[in-house]
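Numbering (this note's numbering), first residue to last: 1 to 744.
Please note that a few of the clues may not be correct.
DSSO-like mimics (lysine-lysine), calculated; alpha carbons at most 27 Å apart, straight line [claimed, not checked]:
{"id": "1", "residue 1": "Lys615", "residue 2": "Lys661"}
{"id": "2", "residue 1": "Lys350", "residue 2": "Lys498"}
{"id": "3", "residue 1": "Lys152", "residue 2": "Lys350"}
{"id": "4", "residue 1": "Lys696", "residue 2": "Lys685"}
{"id": "5", "residue 1": "Lys685", "residue 2": "Lys584"}
{"id": "6", "residue 1": "Lys464", "residue 2": "Lys430"}
{"id": "7", "residue 1": "Lys584", "residue 2": "Lys696"}
{"id": "8", "residue 1": "Lys685", "residue 2": "Lys661"}
{"id": "9", "residue 1": "Lys430", "residue 2": "Lys248"}
{"id": "10", "residue 1": "Lys252", "residue 2": "Lys350"}
{"id": "11", "residue 1": "Lys213", "residue 2": "Lys165"}
{"id": "12", "residue 1": "Lys690", "residue 2": "Lys584"}
{"id": "13", "residue 1": "Lys661", "residue 2": "Lys696"}
{"id": "14", "residue 1": "Lys148", "residue 2": "Lys464"}
{"id": "15", "residue 1": "Lys165", "residue 2": "Lys152"}
{"id": "16", "residue 1": "Lys690", "residue 2": "Lys611"}
Just so you know, these hints were derived from the structure itself, not from any lab.
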Amino acid sequence: MSTVQALPTGDVNVVKTWLQSFGEVVGVEGLADKWTQGNTALLRMVSRDMLKETFGGLVGNAMYNAIHENEPHFRSPGSTSGQTAFRILNSSQLRALIEPLLESNVLPAKRESLMDIDTMPNDVHDISPFFELVGREAQTRELLQLFKTQIKLIGNPRSFAEPMKQVCFPTCVGTAGKGKTTFARLAFGQEELVANELGATSIECDIIGRCVKAGRVYRIGFEDLSRVIEANRPTDSLGIRVLYEAFKYVFKNNLSFEDFRTHMFNHLTASTLPFSAVHETIMSFFVNCAGPTQDLILLNLDETNYLFDNNLQGYLQEVLSALSTSIVNGKCVFALLTGTHATMLFDVVKSSRCQTEEIRLPLLTPEETSTVILDIANRTTPEITTLSPHLEYILELLGVVPRYMECLIWSMAALGTAHLQSDAAIDNTKFRHAGFRHFLSKMQNDPAHCNHLLQITNQRILQKYHQYRTIFGDIAEDIPTLVAHTLFGLQIKSRSMKLGKLTVEELEQKDVIFLDGQNRMHLPFVHLHFLYAKKRSRTMPRIRALESLDNDLSSDQNEGLTAAIVAFRLWAVIGGQSGSGMCKLSDLMRLRPGQTDIDITVNHRTSFEVKQCPKQVTSSNWAEFYATRTTAATLVYKNAASASFADSFILSNPPILIQDKQVRKSREAAIAGRATSIVPSGMLKAEHDKCRGIGKHIFVFVTDDRQRMTETLDDDEVVVDVNDMGELFGHFLAFRKAFSIGTH
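Generate the whole structure from the sequences, applying the supplied hints.
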């Protein structure tokens, strides 16, 4: 007979407890009692998959093989023959393995894995742990309600017909850099919110409070899962990782994870490590414990995308099974899964017979980002209370993506340090808090410093997150669609929606796009700038405000910007590539209440780029100009300078004539937060009169002033004033246009 690997007795009570719970799950009574008596007949009713799912793949396989052999290799307490291959470690045995590695046998109660969370040191290499959690109240409440439900399961699993199916693993998915890890680390640390949501005197509030105070919030990242032995032993691997996170600040000689992992696997060659033993071992080092059903460990299983990219879905499935088994056995564990591969992650959780709920994280607002920046600045005094309009403008351009906000903060510190030390060289390798405060105190109100800040922030983003440049090269033909969805806030129906060759989810996985809480797509300005500077299709309009990081756009360039944006919006609305289609005027710009909508048709225009007219077009030669270009490829034209006619025109049916009135004084007022001027009385009529008599058309008057509300307008007249810029240009370009005050 071949040798089989059998499950040993280990601790008799541990095995009996497991078998009793397992019998309840699969609906077979008396497994523990029969096993104690040496009778394994009932166990033969259980499938291999059920054993693997309940005990983990390695142990489950060993159990199944032992049960179905003729000899009693599945050892009962009275069995003495033969040598077994695997031993279940209990918490006492596990503690004995760990204690020699520790400086002390008392685990310090740390609220965070930092020396001092309230002091911002100089020369740190990672500032993200110091970020305040903002803009996540609704998502935290959602997470707390899921936790509350799970506590009921942990406290009384027998009250559920199928307790394993009640275990829930919440997921936070989407593009890297949205702050998923920060959310997982800090969500339950919001004392006031937790108390308000769960009740200050509730058992759930007490459980969370003791957990956070003790620092039992552990991030388990799968990005460094590199060893074959670890990948093949998921349950043991998870336990070792959690133990290291729990004890890493009290190990002798700052023991590294590599050395700890080697130490543990060397002692687990003939043993397996149930997560229940991990939980009990950690709790044995804490005082004031309330029992296994109330002593919480919070886990963030992060970088799950690594597992999918390396075909290790089975690893994750067995990790979830091990955690589920511990939970239905009364161990207080709550795990949040984070990663970029949404559909794959959902599928793995469901295949583990567990539930999942997606926690959707929106991008931060500029106000929330300001809060984070000021919180980091004010770790020392005197207090800095505001950000300048120029700095807020940069926050808007970065799309308030947390990972790009970090690059901005880092770059402020580098610029401030160089300025403080009168040093032309900018050192971007370390964060210096004094330099960061110097920038906010002395430099943020200077537009030149802020323009320089945008330049070096863009450089840092390109250095750290350069992968998107390669990806954009692979999907060049789809770039206009991505840009249009971002600029104009077009709705994303689902993650499976295709934008060219790739789905929305695939673009998220590649860190190309970000989705906000309303399922609208965002390409941060640094992405838009790269695309328009390097990858723009020749059929698309040039948009100077995207191609350049310079804020100095001339009056002439600003006039071309309006025509280019209207043309691009028209391209997006009619469906793009064919160059033909129909839409409503209201699809392009906001109409007044009661204004009659107008059908707009475009026929066979293959170029939406703005073309310069070689000579002035006026009302007297318009008919000839229009007639000779009805079959031309070009749709958009910019008039020659100083023409007594519209600044630019789109040759749709009817044609759209655009008149720009740029008012520097109003732009400066808007930047400073002051009220802008009102359009002078009669100006709109005077400008439109230059274009009358050419037949049916639409006249669009674009101004930096506020519209005069008492003026009566015709149905073919549209005014886009300072308050409507965002509606026409999109949020990003409205800001760029406002701050792009040319000096020539």
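Hint check:
1. Lys615 with Lys661: This hinted pair holds, its Cα atoms lying about 21 Å apart.
2. Lys350 with Lys498: holds, 25 Å
3. Lys152 with Lys350: Between Lys152 and Lys350 the Cα gap is close to 21 Å, so the pair holds against 27 Å.
4. Lys696 with Lys685: Cα-Cα ~17 Å, so holds.
5. Lys685 with Lys584: holds, 24 Å
6. Lys464 with Lys430: Holds, because 14 Å separates the two Cα atoms, which is no more than 27 Å.
7. Lys584 with Lys696: Satisfied, since the Cα-Cα distance of roughly 15 Å is no more than 27 Å.
8. Lys685 with Lys661: holds, 13 Å
9. Lys430 with Lys248: Roughly 24 Å separates the two Cα atoms, so the pair holds.
10. Lys252 with Lys350: Measuring from Cα to Cα gives roughly 41 Å; hence the hint is violated.
11. Lys213 with Lys165: violated, 31 Å
12. Lys690 with Lys584: The hint holds at about 25 Å.
13. Lys661 with Lys696: holds, 23 Å
14. Lys148 with Lys464: Not OK: Lys148 and Lys464 at ~39 Å, beyond 27 Å, violated.
15. Lys165 with Lys152: At roughly 14 Å apart (the allowed maximum being 27 Å), Lys152 and Lys165 satisfy the hint.
16. Lys690 with Lys611: holds, 22 Å
Consistency note: the structure conflicts with the earlier hints numbered 10, 11 and 14.
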